[in-house]
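Engineer: Sequence:
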Amino acid sequence: MSLTESTMLPLGTVAPNFHIRDVVTSNYYSLDDLKSDKATVVMFICNHCPFVIHVNPELIRMANDYKNQGVSFIAISSNDVENYPEDTPDKMAIVAKVLKFPFPYLYDKYQEVAKAYDAACTPDFYVFNGNLELTYRGRLDQSRPGNNIPLSGEDLRRAIDQTIKNEPIESQYPSAGCNIKWKAS
Numbered sequence: 011m012s013l014t015e016s017t018m019l020p021l022g023t024v025a026p027n028f029h030i031r032d033v034v035t036s037n038y039y040s041l042d043d044l045k046s047d048k049a050t051v052v053m054f055i056c057n058h059c060p061f062v063i064h065v066n067p068e069l070i071r072m073a074n075d076y077k078n079q080g081v082s083f084i085a086i087s088s089n090d091v092e093n094y095p096e097d098t099p100d101k102m103a104i105v106a107k108v109l110k111f112p113f114p115y116l117y118d119k120y121q122e123v124a125k126a127y128d129a130a131c132t133p134d135f136y137v138f139n140g141n142l143e144l145t146y147r148g149r150l151d152q153s154r155p156g157n158n159i160p161l162s163g164e165d166l167r168r169a170i171d172q173t174i175k176n177e178p179i180e181s182q183y184p185s186a187g188c189n190i191k192w193k194a195s
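Taking this note's numbering as reference, the numbering of the sequence shown is continuous, increasing by one, and the terminal residue is 195.
Simulated from the structure, these hints should not be mistaken for laboratory data.
Ideal Cβ placement from N, Cα and C applies to all residues, glycine included.
Careful: at least some of the hints might be erroneous.
The calculated DSBU-like cross-link candidates involving lysine-lysine, where the alpha carbons are at most 30 Å apart (straight line), are [unchecked claim]:
hint: 1; residue 1: K125; residue 2: K45
hint: 2; residue 1: K101; residue 2: K125
hint: 3; residue 1: K191; residue 2: K175
hint: 4; residue 1: K107; residue 2: K77
If you anchor each label on the Cβ, the simulated ranges turn out as follows [unchecked claim]:
hint: 5; residue 1: L13; residue 2: S162; range: 18 to 28 Å
hint: 6; residue 1: Q152; residue 2: Y38; range: 16 to 26 Å
hint: 7; residue 1: Q79; residue 2: W192; range: 31 to 41 Å
hint: 8; residue 1: K110; residue 2: S36; range: 17 to 27 Å
hint: 9; residue 1: Q121; residue 2: E143; range: 19 to 29 Å
hint: 10; residue 1: N37; residue 2: I159; range: 11 to 21 Å
hint: 11; residue 1: E96; residue 2: S195; range: 16 to 26 Å
hint: 12; residue 1: S181; residue 2: A126; range: 21 to 31 Å
hint: 13; residue 1: S181; residue 2: N158; range: 17 to 27 Å
hint: 14; residue 1: G140; residue 2: D75; range: 14 to 24 Å
hint: 15; residue 1: D75; residue 2: P184; range: 15 to 25 Å
hint: 16; residue 1: P60; residue 2: K110; range: 15 to 25 Å
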């Protein structure tokens with residue numbers, strides 16, 4: 011496991027569109043299909059990363075908490091499944107069902123979406139406003155596996171709240187986790 015930080019895509023960047031498959035429903039979705047006019051959270055996650063496994067309970071809580079406020083959550087896995095078979099779409103679907111993900115879990119087979127978002131690690135979080143302009147990129151909170159800081163989601167929750175209110179987000183810290191497992195070129 012290689013600790014990697016977010017690359018911090020420039021604020022104001024318009025969310026790159028995509029058209030990829032949801033592993034649970036097998037339907038293909040674009041960003042336009044899933045976005046919200048309030049705030050859209052795009053999360054790069056995967057099945058096997060200990061950092062993602064650690065934050066999954068808070069991601070589920072958060073998505074459920076914000077559902078009634080019209081905030082959209084989208085999870086994407088972009089890992090190379092040939093070298094990391096625990097991240098295959100069929101295993102992604104099992105994880106999504108067992109954990110009862112309240113958001114779509116999309117498979118970025120060609121890794122084009124991760125590259126378009128300049129995603130670097132799992133988990134990596136992006137918050138976009140109703141115009142799909144980037145307002146926040148970075149961490150969920152200070153909790154990491156083994157550091158004994160409880161999950162709160164405070165950084166991401168603050169970013170979502172301020173995005174909904176159309177307020178600037180002052181503090182932005184990079185996320186940290188496993189590097190995205192890129193396919194050999």
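Engineer: Tell me if the straight-line CA distance from K191 to K175 falls inside 30 Å.
Structural biologist: violated, 36 Å
Engineer: Given the hinted pair K125 and K45, is their Cα-Cα distance within 30 Å?
Structural biologist: This hinted pair holds, its Cα atoms lying about 19 Å apart.
Engineer: Does K125 lie within 30 Å of K101 when you go C-alpha to C-alpha?
Structural biologist: Answer holds: K101 to K125 is near 23 Å, not above 30 Å.
Engineer: Could you see if the CB distance from Q79 to W192 stays within 31 to 41 Å?
Structural biologist: holds, 35 Å
Engineer: Is 14 to 24 Å right for how far apart the beta carbons of G140 and D75 are?
Structural biologist: Between G140 and D75, where Cβ atoms are some 19 Å apart, the hint holds.
Engineer: Honestly, do K110 and S36 meet the 17 to 27 Å range at C-beta?
Structural biologist: holds, 18 Å
Engineer: Look at the Cβ atoms of E96 and S195 and judge whether their distance stays inside 16 to 26 Å.
Structural biologist: holds, 23 Å
Engineer: Could you check the hint for me, namely that N37 and I159 are 11 to 21 Å apart, CB to CB?
Structural biologist: Because 37 Å falls outside the window, the suggested range is violated.
Engineer: For the hint 15 to 25 Å, verify it against the beta carbon of P60 and that of K110.
Structural biologist: holds, 21 Å
Engineer: Within a Cα-Cα threshold of 30 Å, do K107 and K77 meet the stated pairing?
Structural biologist: holds, 18 Å
Engineer: Can the suggested window of 19 to 29 Å be confirmed for the beta-carbon pair Q121 and E143?
Structural biologist: holds, 24 Å
Engineer: Using the beta carbons of D75 and P184, state whether their distance is inside 15 to 25 Å or not.
Structural biologist: holds, 24 Å
In this structure, the hints that do not hold are numbers 3, 6, 10, in rising order.
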